[in-house]
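Visitor: Quick note, the sequences are listed as chains Z and U, same order.
According to this note's numbering, the first sequence is numbered sequentially starting from 614.
According to this note's numbering, the second sequence is numbered sequentially starting from 9.
Since the hints were derived computationally from the structure, they do not count as laboratory data.
Possibly wrong hints are sitting among the right ones.
Said to hold, decoys possible - Below, simulated DMTMM-like cross-link-like pairs (lysine to aspartate or glutamate); rule was C-alpha separation at most 20 Å, straight line:
hint	chain 1	residue 1	chain 2	residue 2
1	U	Lys443	U	Asp413
2	U	Lys470	U	Asp413
3	U	Lys443	U	Asp454
4	Z	Lys840	U	Glu473
5	U	Lys470	U	Asp454
6	Z	Lys840	U	Asp418
7	Z	Lys840	U	Asp413
Said to hold, decoys possible - One-sided and incomplete, this derived list gives chain Z residues near chain U with beta-carbon spacing under 7 Å:
hint	residue
8	Arg623
9	Thr634
10	His637
11	Val639
12	Tyr735
13	Gly739
14	Gly772
15	Leu931
16	Ala948
17	Tyr949
18	Gly950
19	His951
Even glycine gets a Cβ: it sits at the ideal position worked out from N, Cα and C.
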Amino acid sequence: MTHNPLPVERRFTHDLSSRVTAGHQVRDVMWAVIAALVPGLLALIWQSGPGVLVQCSLAVASALIGESMALKLRSRPARPSLNDLSAMVTAILLGLSVPGLAPWWVITLGTLFAILLGKQVYGGLGCNPFNPAMVGYAILLVSFPQEMTHWPAEPVGLGETLHAIFGEMDSHRPDALAMATPLDASRTPPAMGHSTATPGGLVPASHSDSWVNLGYLLGGLWLLRRKLIDGRISAGVLAGLTACALGFYLEDSSRYPSPAFHLFSGATMLAAFFIATDPVSAATTPRGRWIYAAGIGVLIYVIRTWGGYPDGVAFAVLLMNLTAPTLDHFTRPRAYGHPR
Amino acid sequence: MTTLPGRFPGGLELEGHKSLANQCPIRFAGLPPRLLFPLRQRNGENARALVSIGDLVRRGSVIAGGNQSLDPPIHASSSGRVIAIEDHGMAHPAGISSRCIIIETDGLDESIAALPALDTTHCSPESLLDRLHEAGIVGLGGAGFPTAAKLLKGKTAIDTLILNGAECEPYIACDDRLLRERANEVLQGAALLQRCLGCRTTLIAVEGDMRLAWQALKAAQSAGDFDFIQIIQVPSRYPAGGERQLIQLLTGREVPSGALPAAIGVICQNVATVAAIYRAAAHGEILDSRIVTVTGAGVQTPQNLEVRLGTPIGFLIEQCGGYTGQAHGLIVGGPMMGYTVNSDAIPVTKPVNAILVTGAGSPATIPDPQPCIRCGACAEACPASLLPQQLYWHTHAQQLQRALDYHLLDCIECGCCDAVCPSHIPLVHEFRQAKQASLSQQRARDSAAHARMRFEARQARKEQEQRDRELAAQRRKASLGGHASPKIQEALERARQKRAKQNESLASETTHNDP
Ligand code: SF4
Ligand code: SF4
């Protein structure tokens, strides 16, 4: 019988790259998040002028520069980190949160704080215990309360906007700087409660706020549909807030605004779909996430209603960030084959 | 699909890629010029080679035997001459090599006489177990656990026998083809096992999208007398065919952590194993070949081959028309649970169910790992309800104990977490290594304990000897008067030696009794 000759051995490299991927890529998720912010952004422009665009651009530029610098200092390659777009998301969230006419150095400083103190000092993406954008926001709020709490009540033209942002300090400001920022608490002194709680509570006080919130809600629902954010977190935040608001509203509707008011004012929707859902600083277990999110909702209400700070969302998120590791520890799911 | 008693959390709906290989019938791969038989056993020791270089062997000859192991003997899978016994790469997740018996085939394929057939309707369970060991039957689903040992393990009564035909891993189609072509053998084997195990329920599970296999089983069922067997379709959701997940689906029960399915009265056997059991019993056939799916974008003509054990992978690829231009990576098993090997000279062994040659860029070549963003996607996908991100955190920081606290050992290495991780962290790779590390720690602890026991036994023996000597001295003193006869002296001496021996064998037993 004839024999086949011995086959020539072919060698292969051991590599882990021949695996199945069934999930999303970080970069794609971040792109989607940015895209989902667009409706809210448009509503903001429509309601208060192009200032927010300028703020976002400034933020993105500072974030990219800050991140590259930090990575250089830590002697890490810049490309992969910049590529994941997480810095850009942080920047845009911050850009959306500061008042549209705040001077340029506010957002620049804030973004650098967010990237450097909120993220890079801990070792970069994934290691930061706090939501970087909220770290930046909180620092700004504490350091520049004046600049951070004034928001144009009605749309301001581009020229005026640029002048306000880049003009000399103490130059005259447009008159319409009277409103609270989106993240600003609608702290409700009784007087305000009276003026806002319209019958049925469906039309909240600030018209512009509710349009912007609707925009974020839309983008958020799209992210949910694409399974890019955890619906438990969004639902938890909204449920926590609604439960508190409803309780007090039913108790005394003349003093406390309706749940609808709370849901569609301030940064509620931004928090529920874009900020609390940041996985890095959230709890990771399913039950942990419910608790984490509901906690944020409740804290937003508490800070808005009785807090000393004018802002609800940033501090609520930061406080719950603190609890995440503990929540994770105590809400570990029961593993297969372990007693119930 | 009927509703099942249970369901498992997590898991993934994966693209099957089965039609690459499952379209044409199983084909005999032919005799390769050389066959290689790794001697490495499951306990890490080598089996004793029973042949030497130059010996002529025939198909079915026992060429190596168990060495303190449950593993059955190793048989030559064709006739030829032993040309070498040397180290060679083998199919193993850790990429190790093993001493191998290398046989140059003579192409005549002469066999030794087959084992006598057993009467499958009346043979005793013991005779079946002996036969399974003798015929070299081990689990063919990928784990390679000796079947006789697995069936023997059940101390609790077995009430449910599950035949696993739910081939959930992408690309692999050997059980699919087997069921389509040899459903009768599988059912015969099931009947035999059910009788010998004395269990009430026998279930065969196939995946929902293995429609033709299901039909073949149904046809074989109505042709024969197999009404007591339930043929069940399970959802095509990976890893429905994982032993623990399948048991959960079919019985609603969970196998306790660290225990075997037998602990809850269940025995799970792969369908190919059951067919091999039947052939070993009814025809005296030795397990010297298996069906291997050779597939992937890197192979010209993917298909299922009937392969003699010991055949080098490269020979199989040749039988499939060779590599394509884009051949890139070589995986033993499927893309989820398989492992890469670095050479196609590695021989097929019993647990090798598939050879997957990936094409460059498919499955998508994965970029370098990025930091974990704690997204929780991995935990959501984990069928064992573990927290892979926490496990990774601890294994990566070399905190083995913490990882064990997070149930590292309950990880079934299914790869779901890997597949969904947006940062492309090689989680399972990490977990496998950590499990290995924990295993060797355990071994080290065990052997330290053995050493201590040995030492203590020796100490005890010495003390005993000392006491005996003193006793003897006292006796001698007492017998100075000449009372004790030499016979008594002799008996005393014998008793002393016997005791010493007993102590010794006790000590050696504790050393060799590696579980
Ligand atoms: S899927 Fe990857 S990135 Fe997400 S939590 Fe798990 S390990 Fe981290
Ligand atoms: S490989 Fe382990 S940790 Fe990952 S999903 Fe499977 S069982 Fe869970």
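Visitor: Broken hints, numbered, in rising order?
Guide: Of the numbered hints, 2, 4, 5, 6, 7, 12, 14 and 15 do not hold.
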